[in-house]
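Colleague: Turn these sequences into a full structure, and let the hints steer you where they fit.
Protein chains: 2
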Amino acid sequence: MDTNHEPRKEDILESAKRIQPYIHHTPVLTSRAIDEIAGAKIFFKCENLQKAGAFKSRGALNAVFSINQLDINQGVATHSSGNHAAALARAAQLKNIPAYIVMPENSSKVKVAAVKTYGGQITFCIPTLEAREEKLNEVLNETNAFEIHPYNNYAVITGQATAALELIEDISDLDTIIAPVGGGGLLSGTALSAHYFSPSIKVIAAEPSGADDAYQSFYQKKFIPSVNPDTIADGLRTSLGSLTFPIIQRLVSDILTVNDQDTIEAMKLVWERMKIIIEPSSAVALAIVLKHKQRFDGQRIGIIISGGNVDLMHLPWK
Amino acid sequence: MDTNHEPRKEDILESAKRIQPYIHHTPVLTSRAIDEIAGAKIFFKCENLQKAGAFKSRGALNAVFSINQLDINQGVATHSSGNHAAALARAAQLKNIPAYIVMPENSSKVKVAAVKTYGGQITFCIPTLEAREEKLNEVLNETNAFEIHPYNNYAVITGQATAALELIEDISDLDTIIAPVGGGGLLSGTALSAHYFSPSIKVIAAEPSGADDAYQSFYQKKFIPSVNPDTIADGLRTSLGSLTFPIIQRLVSDILTVNDQDTIEAMKLVWERMKIIIEPSSAVALAIVLKHKQRFDGQRIGIIISGGNVDLMHLPWK
Chain A
1 MDTNHEPRKE
11 DILESAKRIQ
21 PYIHHTPVLT
31 SRAIDEIAGA
41 KIFFKCENLQ
51 KAGAFKSRGA
61 LNAVFSINQL
71 DINQGVATHS
81 SGNHAAALAR
91 AAQLKNIPAY
101 IVMPENSSKV
111 KVAAVKTYGG
121 QITFCIPTLE
131 AREEKLNEVL
141 NETNAFEIHP
151 YNNYAVITGQ
161 ATAALELIED
171 ISDLDTIIAP
181 VGGGGLLSGT
191 ALSAHYFSPS
201 IKVIAAEPSG
211 ADDAYQSFYQ
221 KKFIPSVNPD
231 TIADGLRTSL
241 GSLTFPIIQR
251 LVSDILTVND
261 QDTIEAMKLV
271 WERMKIIIEP
281 SSAVALAIVL
291 KHKQRFDGQR
301 IGIIISGGNV
311 DLMHLPWK
Chain B
319 MDTNHEPRKE
329 DILESAKRIQ
339 PYIHHTPVLT
349 SRAIDEIAGA
359 KIFFKCENLQ
369 KAGAFKSRGA
379 LNAVFSINQL
389 DINQGVATHS
399 SGNHAAALAR
409 AAQLKNIPAY
419 IVMPENSSKV
429 KVAAVKTYGG
439 QITFCIPTLE
449 AREEKLNEVL
459 NETNAFEIHP
469 YNNYAVITGQ
479 ATAALELIED
489 ISDLDTIIAP
499 VGGGGLLSGT
509 ALSAHYFSPS
519 IKVIAAEPSG
529 ADDAYQSFYQ
539 KKFIPSVNPD
549 TIADGLRTSL
559 GSLTFPIIQR
569 LVSDILTVND
579 QDTIEAMKLV
589 WERMKIIIEP
599 SSAVALAIVL
609 KHKQRFDGQR
619 IGIIISGGNV
629 DLMHLPWK
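So the sequence lines, in the order shown, correspond to chains A and B. Quick note on the working numbering: the first sequence kicks off at 1 and runs consecutively. Quick note on the working numbering: the second sequence kicks off at 319 and runs consecutively.
Honestly, the hints are just simulated from the structure, not real lab data. Some hints here could point you the wrong way.
Stated by the list, open to error - Calculated lysine-lysine pairs in the DSSO-like style (CA-CA distance at most 30 Å, straight line): (1) A:Lys9 / A:Lys95; (2) B:Lys427 / A:Lys293; (3) B:Lys434 / B:Lys413; (4) B:Lys611 / A:Lys268; (5) A:Lys95 / B:Lys359; (6) B:Lys413 / A:Lys41; (7) B:Lys611 / B:Lys586; (8) A:Lys109 / B:Lys434; (9) A:Lys17 / B:Lys359.
Modeller: Dropping the structure here:
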């Protein structure tokens with residue numbers, strides 16, 4: 001695919017076919033108990049049950065498998081402390097090329113182990129954005145690897161869009177889809193899929209109030225970076241990208257925020273009632289519904305459960 | 319159905335149709351990472367994602383919906399500290415009859431709340447088997463309710479058999495199915511379904527070594543009760559029943575035991591790698607496979623994940 005333009009309808013459909021052999025078509029789960037609490041009918045698209053435990057597998061695979069082979073035959077690289085790192089390592093392993101991952105030295109052991117499982121070659125750095133970018137540039141120069149950014153990359157956005165495409169295909173007549181927003185890869189992909197495949201669906205973003213740069217950017221209509229984010233939702237601390245922000249501005253209906261306490265309660269509710277493990281970044285979307293019950297009263301709501309990578313030794317309700 | 323004889327093939331097929339509107343056809347999930355660790359291909363039948371969080375919904379529904387209406391129009395009753403309590407309350411609510419549940423006063427808050435959610439009427443008693451049976455007899459006398467035993471009841475066994483029936487229908491060429499054994503309702507139902515629908519499958523029981531009454535009974539060929547069971551697998555502390563033991567003796571190939579430490583490690587492995595919440599009683603089956611790798615090497619193994627009702631405030635690895 002041509003990765004220099006915003007994803008078109010056919011790009012998303014091609015991406016879905018391209019990555020299909022390597023991903024799970026994840027189930028959509030429901031809970032009568034949670035529907036009663038919410039006063040709405042909620043369809044949870046379970047990307048926590050995706051390969052490598054997150055929707056990030058989709059974007060990383062689509063990038064590695066669609067970018068010109070000549071560009072990536074020396075390998076791919078990224079800096080990431082989170083789910084993109086493992087997803088990119090896995091995609092590269094499937095393509096039989098190296099993956100160079102720059103990770104901050106305070107990354108969780110679980111995430112480091114996941115990258116190693118998929119054969120990723122890790123370079124540690126001190127945990128600042130400057131150090132991460134500097135170290136990544138060193139790695140890129142040394143290896144001639146090709147950078148795959150976690151969200152500011154059209155091939156990645158196109159891959160993430162396939163989660164909402166599956167949800168729309170599986171569940172008819174949704175009124176709203178809610179996706180969490182960090183860098184905006186999942187959110188912009190979700191908005192594109194709704195726009196192309198079921199334009200009556202409203203796409204709403206869920207963001208922690210302690211990292212509300214997307215909310216600020218959206219309503220001030222200019223890019224506001226994420227500075228000193230303070231939230232348990234570790235996947236949502238990043239700033240929007242130059243490619244994701246314009247799509248979000250054009251196609252997303254609203255961005256709503258919640259505090260971490262509401263997020264933790266929503267997370268525990270899903271664990272208890274649905275018996276699935278979701279990470280805090282995923283619980284933000286349900287917390288939004290429970291906080292704005294009147295707004296969503298009686299609706300059919302799709303929620304993208306972004307991932308399930310949690311350190312089980314440090315749960316937030318302890 | 320006539321509930322006075324051992325379940326026949328057609329009883330199980332009828333039961334599957336009868337309860338189908340009220341249960342989930344639960345997904346069968348797999349994990350490449352766990353398969354690599356085990357050296358086998360494991361298919362997890364996820365009854366933790368069943369209504370009320372456990373396979374017990376099947377047996378309770380089949381009993382309430384197949385027993386003569388005249389026998390149960392004053393309601394149903396049981397004593398249970400666990401998943402059968404919530405499952406029976408739910409089945410009675412769907413049938414619009416009362417459910418009287420005798421629970422020991424030290425039952426977990428989560429389980430008490432679940433029974434109340436489904437409109438069950440709880441009577442508390444002191445936590446001994448004698449007190450539970452005495453209190454249940456009082457309740458039965460006062461209410462004229464009909465007792466539905468958690469496992470020593472052919473209609474219940476028939477309902478539990480439908481989990482393995484679905485697994486056999488969904489996954490071809492299984493070599494082995496492993497189910498945990500407490501009172502033997504799930505195990506005897508599983509063994510009957512394998513016998514009728516895919517007789518080449520070996521059915522193996524998984525039991526905690528701290529509550530190995532089924533193992534002892536099976537190999538001594540006589541009923542040995544569970545005395546002072548000591549295991550984290552709270553669903554597996556009960557003794558076999560007079561109806562379940564003969565089926566198990568005839569149709570189960572082997573009973574294997576593991577200690578709680580192995581069970582806790584298997585439980586954590588499933589939480590981490592599969593992002594689903596399973597209770598200790600369910601992890602016993604995977605622990606068996608990991609302990610006996612040579613025996614199961616290269617096999618296609620079905621594991622019945624019995625339930626996901628866990629107190630999230632008290633996890634065993636803390």
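Colleague: The structure should be examined with respect to each hint, and the outcome stated for every one.
Modeller: Hints, one by one, checked against the model:
Restraint check for Lys9 of chain A and Lys95 of chain A: the C-alpha separation of about 25 Å stays at or below 30 Å, so the hint holds. Taking the CA atoms of Lys427 of chain B and Lys293 of chain A, the gap is near 27 Å; set against the 30 Å cutoff, the hint holds. Distance check on the hinted pair: Lys434 of chain B and Lys413 of chain B sit about 16 Å apart at the alpha-carbon level, within 30 Å; holds. For the hint linking Lys611 of chain B to Lys268 of chain A, the alpha-carbon distance of about 35 Å lies beyond 30 Å, and the restraint is violated.
As the CA atoms of Lys95 of chain A and Lys359 of chain B are separated by approximately 24 Å, the hinted pair is consistent with the 30 Å bound. Restraint check: the Cα-Cα separation between Lys413 of chain B and Lys41 of chain A comes to about 24 Å, which is no more than 30 Å; the hinted pair holds. For a cut-off of 30 Å, the pair hint linking Lys611 of chain B to Lys586 of chain B stands: about 18 Å separates their Cα positions. For the proposed pair Lys109 of chain A and Lys434 of chain B, the alpha carbon gap of about 41 Å is over 30 Å, so the pair is violated.
Between Lys17 of chain A and Lys359 of chain B the alpha-carbon distance is near 26 Å, which keeps this suggested pair within the 30 Å criterion.
The earlier numbered hints that this structure contradicts are 4, 8.
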